[in-house]
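Visitor: Dock chains B, C and D against the given chain A, drawing on the hints supplied.
There are 4 protein chains.
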Amino acid sequence: MRKKVLITGFDPFDKETVNPSWEAAKRLNGFETEEAIITAEQIPTVFRSALDTLRQAIQKHQPDIVICVGQAGGRMQITPERVAINLADARIPDNEGHQPIDEEISPDGPAAYWTRLPVKRMTAKMKEHGIPAAVSYTAGTFVCNYLFYGLMDHISRTSPHIRGGFIHIPYIPQQTIDKTAPSLSLDTIVRALRIAAVTAAQYDEDVKSPGGTLH
Amino acid sequence: MRKKVLITGFDPFDKETVNPSWEAAKRLNGFETEEAIITAEQIPTVFRSALDTLRQAIQKHQPDIVICVGQAGGRMQITPERVAINLADARIPDNEGHQPIDEEISPDGPAAYWTRLPVKRMTAKMKEHGIPAAVSYTAGTFVCNYLFYGLMDHISRTSPHIRGGFIHIPYIPQQTIDKTAPSLSLDTIVRALRIAAVTAAQYDEDVKSPGGTLH
Amino acid sequence: MRKKVLITGFDPFDKETVNPSWEAAKRLNGFETEEAIITAEQIPTVFRSALDTLRQAIQKHQPDIVICVGQAGGRMQITPERVAINLADARIPDNEGHQPIDEEISPDGPAAYWTRLPVKRMTAKMKEHGIPAAVSYTAGTFVCNYLFYGLMDHISRTSPHIRGGFIHIPYIPQQTIDKTAPSLSLDTIVRALRIAAVTAAQYDEDVKSPGGTLH
Amino acid sequence: MRKKVLITGFDPFDKETVNPSWEAAKRLNGFETEEAIITAEQIPTVFRSALDTLRQAIQKHQPDIVICVGQAGGRMQITPERVAINLADARIPDNEGHQPIDEEISPDGPAAYWTRLPVKRMTAKMKEHGIPAAVSYTAGTFVCNYLFYGLMDHISRTSPHIRGGFIHIPYIPQQTIDKTAPSLSLDTIVRALRIAAVTAAQYDEDVKSPGGTLH
Numbered sequence: 001m002r003k004k005v006l007i008t009g010f011d012p013f014d015k016e017t018v019n020p021s022w023e024a025a026k027r028l029n030g031f032e033t034e035e036a037i038i039t040a041e042q043i044p045t046v047f048r049s050a051l052d053t054l055r056q057a058i059q060k061h062q063p064d065i066v067i068c069v070g071q072a073g074g075r076m077q078i079t080p081e082r083v084a085i086n087l088a089d090a091r092i093p094d095n096e097g098h099q100p101i102d103e104e105i106s107p108d109g110p111a112a113y114w115t116r117l118p119v120k121r122m123t124a125k126m127k128e129h130g131i132p133a134a135v136s137y138t139a140g141t142f143v144c145n146y147l148f149y150g151l152m153d154h155i156s157r158t159s160p161h162i163r164g165g166f167i168h169i170p171y172i173p174q175q176t177i178d179k180t181a182p183s184l185s186l187d188t189i190v191r192a193l194r195i196a197a198v199t200a201a202q203y204d205e206d207v208k209s210p211g212g213t214l215h
Numbered sequence: 001m002r003k004k005v006l007i008t009g010f011d012p013f014d015k016e017t018v019n020p021s022w023e024a025a026k027r028l029n030g031f032e033t034e035e036a037i038i039t040a041e042q043i044p045t046v047f048r049s050a051l052d053t054l055r056q057a058i059q060k061h062q063p064d065i066v067i068c069v070g071q072a073g074g075r076m077q078i079t080p081e082r083v084a085i086n087l088a089d090a091r092i093p094d095n096e097g098h099q100p101i102d103e104e105i106s107p108d109g110p111a112a113y114w115t116r117l118p119v120k121r122m123t124a125k126m127k128e129h130g131i132p133a134a135v136s137y138t139a140g141t142f143v144c145n146y147l148f149y150g151l152m153d154h155i156s157r158t159s160p161h162i163r164g165g166f167i168h169i170p171y172i173p174q175q176t177i178d179k180t181a182p183s184l185s186l187d188t189i190v191r192a193l194r195i196a197a198v199t200a201a202q203y204d205e206d207v208k209s210p211g212g213t214l215h
Numbered sequence: 001m002r003k004k005v006l007i008t009g010f011d012p013f014d015k016e017t018v019n020p021s022w023e024a025a026k027r028l029n030g031f032e033t034e035e036a037i038i039t040a041e042q043i044p045t046v047f048r049s050a051l052d053t054l055r056q057a058i059q060k061h062q063p064d065i066v067i068c069v070g071q072a073g074g075r076m077q078i079t080p081e082r083v084a085i086n087l088a089d090a091r092i093p094d095n096e097g098h099q100p101i102d103e104e105i106s107p108d109g110p111a112a113y114w115t116r117l118p119v120k121r122m123t124a125k126m127k128e129h130g131i132p133a134a135v136s137y138t139a140g141t142f143v144c145n146y147l148f149y150g151l152m153d154h155i156s157r158t159s160p161h162i163r164g165g166f167i168h169i170p171y172i173p174q175q176t177i178d179k180t181a182p183s184l185s186l187d188t189i190v191r192a193l194r195i196a197a198v199t200a201a202q203y204d205e206d207v208k209s210p211g212g213t214l215h
Numbered sequence: 001m002r003k004k005v006l007i008t009g010f011d012p013f014d015k016e017t018v019n020p021s022w023e024a025a026k027r028l029n030g031f032e033t034e035e036a037i038i039t040a041e042q043i044p045t046v047f048r049s050a051l052d053t054l055r056q057a058i059q060k061h062q063p064d065i066v067i068c069v070g071q072a073g074g075r076m077q078i079t080p081e082r083v084a085i086n087l088a089d090a091r092i093p094d095n096e097g098h099q100p101i102d103e104e105i106s107p108d109g110p111a112a113y114w115t116r117l118p119v120k121r122m123t124a125k126m127k128e129h130g131i132p133a134a135v136s137y138t139a140g141t142f143v144c145n146y147l148f149y150g151l152m153d154h155i156s157r158t159s160p161h162i163r164g165g166f167i168h169i170p171y172i173p174q175q176t177i178d179k180t181a182p183s184l185s186l187d188t189i190v191r192a193l194r195i196a197a198v199t200a201a202q203y204d205e206d207v208k209s210p211g212g213t214l215h
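The listed protein sequences derive, respectively, from chains A, B, C and D.
Each residue of the first sequence is one higher than the last, beginning at 1 in the numbering used here.
Each residue of the second sequence is one higher than the last, beginning at 1 in the numbering used here.
Each residue of the third sequence is one higher than the last, beginning at 1 in the numbering used here.
Each residue of the fourth sequence is one higher than the last, beginning at 1 in the numbering used here.
With the rest of the complex left out, here is chain A (with noise of 0.2 Å):
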């Protein structure tokens, strides 16, 4: 059967006048397979919004899967995050002029949770299809992660049956112009979440192969 994947992307943060997840979100919202249907949310860079945001879109869309996705600027590949931690740690503040040093983001949750989507075979099939991937293993400690850990939290204790997770995606080329950062097209990175919705659709479980980092 048909899965409903909520695809989220957040608003310019940091200076930036775009935000290459939202650019990508929003060209998938509507598309279809026989696996997979998007729709696609915006989310505010603001900690407490931000997740205030995501349950309400939770709440209509009534998804089988979301993949929250945010800009990680320096990256080169696409990356699957692995894992949430249960810290709030702003080294700028949030588009709201919020600050959070050292909170938890849920008091009684655990350290930590594990992303539910089979992000190595999500990775495994983009690099099948020429678009540099690897799964990551932190998330920051900014509002991705806090949205990403907040998703787990919150599907956990009232939607067990939602799978989640977060994508981490590099600057579009438009961003580096004035920086020397590397970057991937609006296309590339495009074509990389619908990869991704449509792997998680397909499968439930994740495939045991050799990853991971040396640190």
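Warning: the hint list may mix true and false statements.
Copies of the same chain look alike in the list, so a pair counts if it fits in one copy or across any two.
[What the hints assert, rightly or not] Cross-link-like lysine-lysine pairs, in silico, DSBU-like; alpha carbons within 30 Å at most: (1) LYS208 / LYS179; (2) LYS60 / LYS208; (3) LYS60 / LYS4; (4) LYS179 / LYS15; (5) LYS179 / LYS3; (6) LYS208 / LYS15; (7) LYS15 / LYS4; (8) LYS125 / LYS15.
Just so you know, the hints here were simulated from the structure itself, not pulled from any lab data.
Guide: Only chains B, C and D this time, still in chain A's reference frame:
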């Protein structure tokens, strides 16, 4: 009262002939100040044995503080780790040929442990002394994270008065002769670990200052 | 009057199965605007033959402008080259096994030639179109620099009305599946070279704006 | 017969409070072996004055060998430069506010000068001593390249018996506290320059071994 600090380093792995973590740790063996006295032990880069060796060293030395140190080839800063995750996922075999894939380190342990060391203070102190340092939020999924998680699991179950943590360090220059990678001199690393040990001995609690990473 | 632009790309080298310079160049073959008409030719990654092939292509097409293009794996921007040096010093053998060491390309040629293309204008124009670009001051010492120097030496001796230059481009994404390296999509590279060709056709002279590198 | 080696370093620029080239050079002042005796002089990071100061130092010390040294922030190796180009193109103003754009350094000089130092030998010797090193083929277009070109132009016209060259060095650790950049310790840099000076004193000619860069 003066604190006993156990510092561990690994033997060489991944085709290296030297491991800067052990080179640095052994130079600190016997170092004393008013606040701290350091003992060093070597740990094999082998899943399971690493932790057995560490437990024996803790049994033998009865330290107040344990700081495990490991090589993070490619990093350019001294990076105290904040979180250990319950996952062994080896990209390459360890020094005895074991290559666990997606295994839990402790089947009934939590998803993650936080360090008990004041990593922001340690980082700030290193920077005051002109040493590049940053808190890291991922220790990878190889033997370093395995030892870090295993240490925290062990002391939380058997000896919660011990405070433990992990520091990743860059290559030393001689390791980068035939690769293009950053390095720090052994002298700098030794100084950094000494500062870390003394700071950990002086302060139980960390300082609450902005930090974190965007991703 | 419309300018004839010859764009060349290389065949794959250094264990790659594709060379983005030729993939991009061949897509531009036959492209026309009011200012420029583009012809593409492939060049072997072989000392000597590379230059023979280029001279024949110039003879055949009688271009106004020649833009040679080569892969610079590891760069993250489109980088028009400013200077070619009279040195062949091969770190690896070329595609026919030649590995010249510290050889002059032209025994009675100057130590270096400046490009005749308006590289600052080209770079600025690419950036206006959202493409990461920067002027480069070294084309290396392998076949790319060899062809660039040989081109400039040839036209300065035989056909000074022709304006010539070289552009280095990054890997395309599919080349970075099994390495950690930045890339730009083929579409982005094709657009960049089209902008470069048209800009070179429109402007004989470069703009005088701040640029350069600190080292 | 023992060679007199003049080593120069620059004063700080680009918002830095220290320049590792001068910190290292001044530590070598007076250093003697059977082959070499080193004198150090400081050079201002200012177009024109840099060269005036260098010429006076040459006049005063009557060296056999001149090695100018400069900071290349972001590099991770000691990089003897092979070629100086006849171009001043400043991305930022120098320490007196001059910012030449696309200017020739010497209107009737050649497009480039080759170093007269045995840069491959020097690099190999540093690596034998465990120091990361590589020959570089671009000294940039700022005051470093200006001084290097000016040095070679001066001695080729007035004192061709003097052999000259340039070495770029990384940041030292203290400069990278608030940026993410590689560094080498001052001790390592001092050792590297000492090896460079002695090697240059011992060998007039370079070794013919594979080297070079692909781009």
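Visitor: Against each hint, give a clear statement of whether it holds in the structure.
Guide: Going through the hints against the structure:
Taking the closest pair of Cα atoms, LYS208 and LYS179 come within 30 Å of each other only across two copies (21 Å); inside a single copy the shortest separation is 38 Å, beyond that limit. Within a single copy, LYS60 and LYS208 get their C-alpha atoms no closer than 34 Å, and across copies no closer than 38 Å, so neither meets the 30 Å cut-off. Taking the closest pair of Cα atoms, LYS60 and LYS4 come within 30 Å of each other only inside a single copy of the chain (12 Å); across copies the shortest separation is 57 Å, beyond that limit. In this assembly of identical chains, LYS179 and LYS15 lie within 30 Å of each other by CA distance both inside one copy and across copies; the values are 13 Å within and 18 Å between.
In this assembly of identical chains, LYS179 and LYS3 lie within 30 Å of each other by CA distance neither inside one copy nor across copies; the values are 40 Å within and 33 Å between. Taking the shortest Cα distances, LYS208 and LYS15 sit within 30 Å of each other only across copies (26 Å), while inside one copy they are farther apart (40 Å). In this assembly of identical chains, the alpha carbons of LYS15 and LYS4 never lie at most 30 Å apart, being 33 Å within a copy and 42 Å across copies at closest. Proximity of LYS125 to LYS15 under the C-alpha cut-off of 30 Å is restricted to the inter-copy arrangement: shortest distance 23 Å between copies versus 33 Å within a copy.
The structure does not agree with the numbered hints 2, 5 and 7 stated previously, though it agrees with the rest.
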